[in-house]
Amino acid sequence: MTDFSNEPTSRSPKQGRFAFARAVLANPLGLVACVMLVAVLCVAAFAPFIAPYAPGDLQIFKMNAPPGDGYLLGGDGAGRDILTRLIYGSRNTLAGAAVAVGVAGLIGVVTGLIAGYFGGNRDVVLSWVSDGLMALPALIVLLAFYQALGASIYLSMIVFGIMLSPSFFRLTRNLVNGVKHELYIDAARVSGLSDLRIIVRHVLRVIRAPLVIQTSIVAGIAIVIQAGLEFLGLGDPATPTWGGMLQNAFANMYTAPMAILWPGLAISVTVASFVLLANAIRDRLQQGDRVTAGTTPKPKPAPSSSHPRGDSPDDDVLLDVRDLVVGYPGKGGWTEVVRGVSLTLRRGEVLGLVGESGSGKTQTAFAILGLLSEGGRVLSGSILFDGQDLAHFSEKEMRPLRGKRIAYVPQEPMSNLDPVFRIGYQLVEPMVAVLGISRTEAKARALELLARVGLPDPKRTFSAYPHEISGGMAQRVLIAGAVSCKPDLLIADEPTTALDVTVQAEVLELMRNLQAEFGMSMILVTHNFGVVADSCERVAVMKDGAVVEMQEVTKLFAEPAHPYTKMLLGSVLNDTTVRSYVAPRNPEVTA
Amino acid sequence: MNPQLLVDCIDVNTHFGALHVLKNVSLTIRPGETVGLVGESGSGKTTLGRAILGIGPVSSGRILFNGTDIAGCPPGARAGEAAAIQAVFQDPYSSLNPSMTIEDILIEPVIARGLASRVDATAQVRKLLKQVALPTDAAQRYPREFSGGQRQRVAIARALALSPRLIVCDEPVSALDLSTQARVLDLFIEIQERTGVAYLFVSHDLSVVRHISHRVAVMRSGEIVEFGECDQVTARPAHDYTRRLLLAAPVADPIRQAERRAAFQALEKGN
Numbered sequence: 049m050t051d052f053s054n055e056p057t058s059r060s061p062k063q064g065r066f067a068f069a070r071a072v073l074a075n076p077l078g079l080v081a082c083v084m085l086v087a088v089l090c091v092a093a094f095a096p097f098i099a100p101y102a103p104g105d106l107q108i109f110k111m112n113a114p115p116g117d118g119y120l121l122g123g124d125g126a127g128r129d130i131l132t133r134l135i136y137g138s139r140n141t142l143a144g145a146a147v148a149v150g151v152a153g154l155i156g157v158v159t160g161l162i163a164g165y166f167g168g169n170r171d172v173v174l175s176w177v178s179d180g181l182m183a184l185p186a187l188i189v190l191l192a193f194y195q196a197l198g199a200s201i202y203l204s205m206i207v208f209g210i211m212l213s214p215s216f217f218r219l220t221r222n223l224v225n226g227v228k229h230e231l232y233i234d235a236a237r238v239s240g241l242s243d244l245r246i247i248v249r250h251v252l253r254v255i256r257a258p259l260v261i262q263t264s265i266v267a268g269i270a271i272v273i274q275a276g277l278e279f280l281g282l283g284d285p286a287t288p289t290w291g292g293m294l295q296n297a298f299a300n301m302y303t304a305p306m307a308i309l310w311p312g313l314a315i316s317v318t319v320a321s322f323v324l325l326a327n328a329i330r331d332r333l334q335q336g337d338r339v340t341a342g343t344t345p346k347p348k349p350a351p352s353s354s355h356p357r358g359d360s361p362d363d364d365v366l367l368d369v370r371d372l373v374v375g376y377p378g379k380g381g382w383t384e385v386v387r388g389v390s391l392t393l394r395r396g397e398v399l400g401l402v403g404e405s406g407s408g409k410t411q412t413a414f415a416i417l418g419l420l421s422e423g424g425r426v427l428s429g430s431i432l433f434d435g436q437d438l439a440h441f442s443e444k445e446m447r448p449l450r451g452k453r454i455a456y457v458p459q460e461p462m463s464n465l466d467p468v469f470r471i472g473y474q475l476v477e478p479m480v481a482v483l484g485i486s487r488t489e490a491k492a493r494a495l496e497l498l499a500r501v502g503l504p505d506p507k508r509t510f511s512a513y514p515h516e517i518s519g520g521m522a523q524r525v526l527i528a529g530a531v532s533c534k535p536d537l538l539i540a541d542e543p544t545t546a547l548d549v550t551v552q553a554e555v556l557e558l559m560r561n562l563q564a565e566f567g568m569s570m571i572l573v574t575h576n577f578g579v580v581a582d583s584c585e586r587v588a589v590m591k592d593g594a595v596v597e598m599q600e601v602t603k604l605f606a607e608p609a610h611p612y613t614k615m616l617l618g619s620v621l622n623d624t625t626v627r628s629y630v631a632p633r634n635p636e637v638t639a
Numbered sequence: 159m160n161p162q163l164l165v166d167c168i169d170v171n172t173h174f175g176a177l178h179v180l181k182n183v184s185l186t187i188r189p190g191e192t193v194g195l196v197g198e199s200g201s202g203k204t205t206l207g208r209a210i211l212g213i214g215p216v217s218s219g220r221i222l223f224n225g226t227d228i229a230g231c232p233p234g235a236r237a238g239e240a241a242a243i244q245a246v247f248q249d250p251y252s253s254l255n256p257s258m259t260i261e262d263i264l265i266e267p268v269i270a271r272g273l274a275s276r277v278d279a280t281a282q283v284r285k286l287l288k289q290v291a292l293p294t295d296a297a298q299r300y301p302r303e304f305s306g307g308q309r310q311r312v313a314i315a316r317a318l319a320l321s322p323r324l325i326v327c328d329e330p331v332s333a334l335d336l337s338t339q340a341r342v343l344d345l346f347i348e349i350q351e352r353t354g355v356a357y358l359f360v361s362h363d364l365s366v367v368r369h370i371s372h373r374v375a376v377m378r379s380g381e382i383v384e385f386g387e388c389d390q391v392t393a394r395p396a397h398d399y400t401r402r403l404l405l406a407a408p409v410a411d412p413i414r415q416a417e418r419r420a421a422f423q424a425l426e427k428g429n
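Going down the list, the sequences are from chains A and B. For the first sequence, this note's numbering assigns the number 49 to the initial residue and increments by one for each residue that follows. For the second sequence, this note's numbering assigns the number 159 to the initial residue and increments by one for each residue that follows.
Derived from the structure by calculation, the hints contain no laboratory data. Please note: incorrect hints may appear among the correct ones.
Stated by the list, open to error - Okay, the calculated beta carbon distance ranges per label pair:
#, chain 1, residue 1, chain 2, residue 2, range
1, A, 488, B, 181, 44 to 50 Å
2, A, 225, B, 277, 33 to 39 Å
3, B, 276, A, 68, 54 to 60 Å
4, A, 466, B, 424, 55 to 61 Å
5, B, 199, A, 466, 36 to 42 Å
6, A, 176, B, 288, 52 to 58 Å
7, A, 229, B, 295, 39 to 45 Å
8, B, 425, A, 630, 34 to 40 Å
Said to hold, decoys possible - SDA-like, lysine to any residue: derived pairs with alpha carbons at most 20 Å apart:
#, chain 1, residue 1, chain 2, residue 2
9, A, 614, B, 257
10, A, 228, B, 258
11, A, 379, A, 332
12, B, 427, A, 558
13, B, 285, B, 232
14, A, 614, B, 288
15, B, 288, B, 344
16, A, 591, B, 333
17, A, 228, B, 249
18, A, 228, A, 162
19, A, 614, B, 344
20, A, 228, B, 256
21, A, 228, B, 251
22, A, 228, B, 232
23, B, 427, A, 560
24, A, 110, A, 299
25, B, 427, A, 500
26, B, 427, A, 557
27, A, 603, A, 619
28, B, 427, A, 561
29, A, 228, B, 215
30, A, 452, A, 483
31, A, 228, A, 166
32, A, 603, A, 392
33, A, 444, A, 423
34, A, 228, B, 257
35, A, 603, B, 417
Said to hold, decoys possible - From the derived model, a few chain B residues whose C-beta atoms are all more than 10 Å from chain A:
#, residue
36, 181
37, 253
38, 280
Where a beta carbon is used, it is the ideal one built from N, C-alpha and C, also for glycine.
Throw the hints in and build the complete structure from the sequences for me.
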């Protein structure tokens, strides 16, 4: 039985089912918004117990009365208690918003799931309907319905919900399109789940968070629009609502200016709470496991450039990396991904940098290129390239070196060509910029290079767009671009990993020939020991950000010294004896 | 019909619009056997796997499983042992739903088929985890808390939940690190020896296929160009294309690789 403990466990923050809600509440804005919304909901639910009067009670002598004398917030234009109306108003306002959101969400999400999951004609028809609804001006439609159906705010809110449903439809449809090709959907289909259960169990579950955010925002919008309609006089004057109160207060603005404040405040606070809650959820989603802003640790003081200049009199050495430490800001200070790597590379030599994922091989290469991702930096050590220490070069200082003296071949050829520009343009522009040659000269050179890297029809490739060529051809184009400025050092990061094995053999052959022809030094980052054996002269084996062994290639394979190297070489599947087939007689039943 | 065969694909054709993706593909799998399916990208190897699983189209031809034609029959409409055919996919990151616990993932196939109540299915989870050498406390955790190799173990455990007689494995180790890959392959072999499940093992890597297969089929442009005993196909291939695949794959030994490279170049020049 294989041993579980040998496999690295990824960071496991024990997250329970309610961790997400807790995280949202930990955000002060999220907490305030939730408290406010819960308070408004409670007021609405227990209105008869809280309100001092019934909503229709009026005392004629308290028309537009100032606060006090039994009316805590004063009286409205008809002599009713503003506080009571406000409390009962929250009921009707929230119920109206809930109707709009409920209708919009139900229609939008259901149709969005159908359109996104099944696609085809259903998607086309539903998208047309949705676009048509979006093209209608909502307010005008509502006014028209008011004329036809009369003064029911609930009917208006149902109509408004239908008008709002495209926003849910579009969101849901796009989210579903994003997840429906995930392999777990295929796995669920293989398990025999019906489409309906796949949609409910898998799709809806994954996309629910953005839908919650949308619901919260739409609830805010619905309250505002509803209040607006009532303010225009479209509500039922007998039902207390915040919008209706606003209208009443507005009519009496010169006699009781304060009365307009209360419904306005109630609307603002509730809407703001909905929007803030949406923001808090969104922040939590986007944050993921990343470090929150503001906690970035201070960079360590720049290390003294302790590299003794006279230490490498060997002119033959092109690159001398010493005690390189690369870190990224983490939760409690710097997370070191490269921990004291030392390498030397002679002129014209091919060095393999080999290791498993997370070993720091790519980070080492990127540190040499000066292309560490956002936040990453060289914390200490030196990178001597032809006598210059690149470790603390600024972007500006790196620019004349990169592309001209240090070139780079990436892993994913397709994503490193801009789909918008023709290949010729992408080769000519850098040459014009870096070498300062004329455009015609650069074009002649580019055609020559495309022929050199083995493309059968250089002219056609020159005028082709990236999507018109295969992955292997794209990698040849990138190699042509990398060697176009005759670099001293070529750094290739898994250059053949994305390619088919026969194409890989051809590309490795090409790189080997170009390296010999131009006399370049090369660093080949790879996880494949076959590629190492094929192309490298020396090999550095990396593990957990450190080089555990550096050897001539024949020696490394013949007598690996470090136990980790031995383990890796032992995992290579060459020369395994083949299995012989024995028909199972009485197989033990699983599970 | 051969009663010795678990799977018998006869002249399977698949078209995607104008593209002819599978061309008269015939392939057999015996009970408890691993058939390796090798090919480069676009060769149709994944399409064949999906056709057998019932989640990919079949234009013509028959796929007999235990003698019953299951071609074009979606998984939900299959009955008996054909309903238990399972899959392990390439990418362990996208093959497990990030919002479900490992337990929910593992009981899903059983619940979907209505074979057991939720309580009974949950009782099986511990056993499944043990089979793939994962700790039992993994059940309440989420996929994101596990490494690639561990996730692939979860995917294997899910495939075992229905006690299938066939698992279609689509590049199940190509996203894994070298040492993890070797351990997961050994797990596949160990499970096969214990349970007698058969694998259709789709991979682009001839050395992986050689390690696990009894017989190997080589695909190119939708056709099977060579199908035979593992040792013969992966060491002494009869077809030129297989030979090219074999010689193109670099071997982890500088001296032998130099020879292999020379042989590959000789073959390329000969063509």
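Here is what the structure says about each hint:
1. 488/A x 181/B: 44 to 50 Å: Between residue 488/A and residue 181/B, where Cβ atoms are some 48 Å apart, the hint holds.
2. 225/A x 277/B: 33 to 39 Å: Cβ of residue 225/A to Cβ of residue 277/B: about 36 Å, so the range 33 to 39 Å holds.
3. 276/B x 68/A: 54 to 60 Å: For residue 68/A against residue 276/B, whose Cβ atoms are near 24 Å apart, the range 54 to 60 Å is violated.
4. 466/A x 424/B: 55 to 61 Å: Violated, since residue 466/A and residue 424/B (Cβ atoms, about 39 Å apart) do not stay within the stated range.
5. 199/B x 466/A: 36 to 42 Å: Given range 36 to 42 Å: violated, Cβ gap about 23 Å.
6. 176/A x 288/B: 52 to 58 Å: 53 Å, holds
7. 229/A x 295/B: 39 to 45 Å: 32 Å, violated
8. 425/B x 630/A: 34 to 40 Å: At roughly 35 Å between Cβ atoms, residue 630/A and residue 425/B fall inside 34 to 40 Å, so the hint holds.
9. 614/A x 257/B: 39 Å, violated
10. 228/A x 258/B: 16 Å, holds
11. 379/A x 332/A: 16 Å, holds
12. 427/B x 558/A: Judged against 20 Å, a Cα distance of about 15 Å means the pair holds.
13. 285/B x 232/B: Distance of about 29 Å is beyond 20 Å: violated.
14. 614/A x 288/B: 29 Å, violated
15. 288/B x 344/B: At roughly 15 Å apart (the allowed maximum being 20 Å), residue 344/B and residue 288/B satisfy the hint.
16. 591/A x 333/B: 18 Å, holds
17. 228/A x 249/B: 15 Å, holds
18. 228/A x 162/A: Answer holds: residue 228/A to residue 162/A is near 12 Å, not above 20 Å.
19. 614/A x 344/B: It holds: about 18 Å lies between the C-alpha atoms, which stays within 20 Å.
20. 228/A x 256/B: Holds, at about 14 Å.
21. 228/A x 251/B: With Cα atoms ~15 Å apart, residue 228/A and residue 251/B stay inside 20 Å; holds.
22. 228/A x 232/B: 17 Å, holds
23. 427/B x 560/A: Holds. Residue 427/B to residue 560/A sits at ~18 Å (cutoff 20 Å).
24. 110/A x 299/A: 16 Å, holds
25. 427/B x 500/A: Holds - the C-alpha atoms of residue 500/A and residue 427/B are around 18 Å apart, at most 20 Å.
26. 427/B x 557/A: Roughly 14 Å separates the two Cα atoms, so the pair holds.
27. 603/A x 619/A: With Cα atoms ~18 Å apart, residue 603/A and residue 619/A stay inside 20 Å; holds.
28. 427/B x 561/A: Given pair residue 427/B, residue 561/A holds - Cα atoms ~16 Å apart, limit 20 Å.
29. 228/A x 215/B: Given that 20 Å is the threshold and the Cα spacing comes to 17 Å, the pair holds.
30. 452/A x 483/A: 8 Å, holds
31. 228/A x 166/A: 9 Å, holds
32. 603/A x 392/A: 17 Å, holds
33. 444/A x 423/A: Holds - the C-alpha atoms of residue 423/A and residue 444/A are around 17 Å apart, at most 20 Å.
34. 228/A x 257/B: 15 Å, holds
35. 603/A x 417/B: 18 Å, holds
36. 181: Given a closest Cβ separation of 19 Å, the condition holds.
37. 253: 4 Å, violated
38. 280: 13 Å, holds
Going down the numbered hints, you'll see the structure goes against 3, 4, 5, 7, 9, 13, 14 and 37, while the others check out.
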